[in-house]
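Peer 1: One line per chain: the protein sequences are A and B, in this order. According to full-length UniProt numbering, the first sequence is numbered sequentially starting from 1. According to full-length UniProt numbering, the second sequence is numbered sequentially starting from 1.
Be a bit skeptical, because a hint or two may be false.
What the hints assert, rightly or not - DEER-style ranges, computed between Cβ atoms:
| id | chain 1 | residue 1 | chain 2 | residue 2 | range |
| --- | --- | --- | --- | --- | --- |
| 1 | A | 83 | B | 113 | 45 to 55 Å |
| 2 | A | 66 | B | 20 | 30 to 40 Å |
| 3 | B | 68 | A | 32 | 41 to 51 Å |
| 4 | B | 69 | A | 128 | 31 to 41 Å |
| 5 | A | 85 | B | 25 | 26 to 36 Å |
What the hints assert, rightly or not - Within a straight-line C-alpha distance of at most 25 Å, the following computed BS3-like cross-link-like pairs (lysine-lysine) qualify:
| id | chain 1 | residue 1 | chain 2 | residue 2 |
| --- | --- | --- | --- | --- |
| 6 | A | 16 | B | 16 |
| 7 | B | 16 | A | 24 |
| 8 | B | 24 | A | 95 |
| 9 | A | 16 | A | 156 |
These are computed hints drawn from the structure, not numbers from a lab. Idealized CB from N, CA, C, for every residue including glycine.
2 protein chains.
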Amino acid sequence: MTPEASFTDAALRQWKQQADRTAKILHALSDEQLQQPVAPGKNRLSYLFGHLLAINDAMLPLLGLGARQHPELDAIYLAAPDRTQPQTLAAAELKQQWDQNAEALWTAFNTLTPAQWLERHTAVSEEDFAREPHRNRFAILLGRTAHLAYHAGQIKLV
Amino acid sequence: MTPEASFTDAALRQWKQQADRTAKILHALSDEQLQQPVAPGKNRLSYLFGHLLAINDAMLPLLGLGARQHPELDAIYLAAPDRTQPQTLAAAELKQQWDQNAEALWTAFNTLTPAQWLERHTAVSEEDFAREPHRNRFAILLGRTAHLAYHAGQIKLV
């Protein structure tokens with residue numbers, strides 16, 4: 001393995017570890033359990049999983065790896081706070097979409113070469129990227145891994 | 001910047017972002033506020049910060065970058081659950097040790113070349129590392145960044 005590949009391998013392993021741990025927790029929860037808040041008055045588990053799903057789904061176009069699978073999630077889990085939208089996903093849908101997304105991301109991630117991980121992501125212009133080359137796909141992967149861990153910590157409180 | 005340096009730069013930026021965010025929260029909390037649990041019956045903020053400090057302090061020997069600064073923290077914040085040890089750190093001590101540790105880690109991290117980040121960490125033997133070269137310093141950095149984010153998510157609930 002080249003040094004470049006060792007770095008992307010480590011980051012992909014860390015992503016996978018966080019993603020698999022979170023999926024395992026999700027699949028162990030019933031629809032009723034998903035309605036519990038992580039702490040009194042705070043977001044419910046279902047909302048946090050939906051929020052993570054929306055953010056992770058958006059990685060596909062952000063990394064230039066394909067179209068959104070579930071753009072409809074944003075209105076429910078990103079634009080609006082918990083308990084304000086009636087059309088939230090039922091447990092079975094959430095679990096199914098979660099697994100589809102996790103599979104799509106993992107497949108797409110593994111098509112990228114180390115050099116492609118260092119290319120710009122689609123939310124930064126060519127001009128800005130010329131000045132700020134750290135705004136690359138790899139930084140998105142690391143940031144989204146931390147985001148997953150951040151909410152996993154909250155989810156684990158229940 | 002070489003491709004190798006771009007990868008370590010991204011990981012160090014992500015670490016710094018998580019570390020700085022957590023430090024900012026810590027410094028805004030009073031001694032009284034640090035006694036609050038993140039949720040009813042769960043760990044107190046003071047315990048979570050002490051736990052993170054102990055784990056991060058242990059990165060120095062784990063990465064071969066120096067001796068522990070505060071090995072005494074392990075008995076309080078790693079080996080024992082919250083509310084069982086009388087000798088916890090007061091807010092001022094916690095904040096001071098946090099800043100010292102953050103500074104020591106950041107300085108030490110920045111002495112490593114990309115090739116050195118791919119070397120084995122001290123908890124893996126040479127024989128095991130020959131078979132499992134992914135058990136390197138870089139993997140520890142990514143794992144500890146996720147660990148910081150995981151507990152930061154809990155801390156932010158208060």
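Peer 1: Indicate, hint by hint, whether the structure satisfies it.
Peer 2: Hint check results:
1. Separated by about 50 Å at the C-beta atoms, residue 83/A and residue 113/B satisfy the suggested range of 45 to 55 Å.
2. The hinted window of 30 to 40 Å between residue 66/A and residue 20/B holds, with their beta carbons roughly 33 Å apart.
3. Between residue 68/B and residue 32/A, the C-beta spacing of about 45 Å keeps the proposed range 41 to 51 Å intact.
4. For residue 69/B and residue 128/A, the Cβ-Cβ distance of about 40 Å falls inside the hinted range of 31 to 41 Å, so the restraint holds.
5. As the Cβ distance of residue 85/A to residue 25/B is approximately 29 Å, the hint placing it in 26 to 36 Å holds.
6. Pair hint residue 16/A plus residue 16/B holds up; C-alpha atoms about 22 Å apart against a cutoff of 25 Å.
7. With a CA separation close to 29 Å, the supplied pair residue 16/B and residue 24/A exceeds the 25 Å bound.
8. As the CA atoms of residue 24/B and residue 95/A are separated by approximately 35 Å, the hinted pair breaks the 25 Å bound.
9. Of the pairs offered as hints, the one joining residue 16/A and residue 156/A holds, with about 18 Å between alpha carbons and a cut-off of 25 Å not exceeded.
Comparing the model with each numbered hint stated earlier shows that hints 7 and 8 do not hold.
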